[in-house]
Amino acid sequence: TFAGYYQMLSGGIERDKDFEDLMHHHWGFPDVADILEDMKNNFAMVGLATALRSGGLGAGASEVAFENFKSATANVGMSYCEDDFRRVFAALGTNTAGSSGAECLEVRRLVQSFTNGPRYPLSTPPQ
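Numbering (our numbering), first residue to last: 8 to 134.
Treat the hints with caution; some may be incorrect.
Claimed, not checked - Pair ranges (Cβ atoms, derived): (1) N49 x Y87: 19 to 25 Å; (2) M30 x R115: 21 to 27 Å; (3) K47 x A109: 29 to 35 Å; (4) Q14 x A97: 40 to 46 Å; (5) D91 x V118: 14 to 20 Å; (6) S78 x I20: 33 to 39 Å; (7) G19 x R93: 38 to 44 Å; (8) A56 x L16: 25 to 31 Å.
Keep in mind that the hints were calculated from the coordinates and are not lab data.
For clarity, every value in this text was computed on a predicted model and none was experimentally measured.
Glycine residues also receive a C-beta, built at the ideal position from the N, C-alpha and C atoms.
Can you make the complete structure from the sequences, with help from the hints?
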């Protein structure tokens with residue numbers, strides 16, 4: 008049956024997003040707004056990858072340090088104040104990495120914040 012086929016197919020796919028991408032590729036999108044939303048998300052990822060590469064991060068980097076992120080955004084013409092960067096890092100959660108103890112943000116969380124809509128507090132108070 009139709010449902011059985013897709014249950015069998017989805018069993019080998021780890022992430023929901025991958026399954027959704029497969030369905031969209033096969034069946035298309037139900038509405039133009041859905042197509043444009045998907046395009047927006049993909050363009051955001053291309054832009055993020057370009058910015059991070061311009062900041063010296065390799066394609067497989069799992070974390071970006073605070074100063075590197077500021078530099079990467081500046082390299083692609085984006086300008087934000089120090090407090091704005093701190094609020095983004097606070098909202099998305101940071102950790103300390105390496106012997107330098109630099110404040111870092113997981114690239115995966117940054118990507119999720121762009122593609123999944125606003126999941127983090129939109130008005131994180133300045134620190």
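Checked hints:
At about 23 Å, the CB distance of N49 to Y87 agrees with the hint of 19 to 25 Å. Taken as a hint, the range 21 to 27 Å holds for the pair M30 and R115, whose Cβ atoms sit roughly 23 Å apart. Between K47 and A109 the beta carbons are some 31 Å apart, a value that agrees with the proposed interval 29 to 35 Å. In this structure, Q14 and A97 meet the distance hint of 40 to 46 Å, their C-beta atoms being roughly 41 Å apart.
The supplied range of 14 to 20 Å is met by D91 and V118, whose beta-carbon atoms lie about 19 Å from each other. Judged by the Cβ atoms, the range 33 to 39 Å given for S78 and I20 holds: they are separated by roughly 36 Å. In this structure the supplied range 38 to 44 Å holds for G19 paired with R93, their Cβ-Cβ distance being about 42 Å. At roughly 29 Å, the beta-carbon separation of A56 and L16 lies within the given 25 to 31 Å, and the hint holds.
Checked against the numbered hints given earlier, the structure satisfies every one of them.
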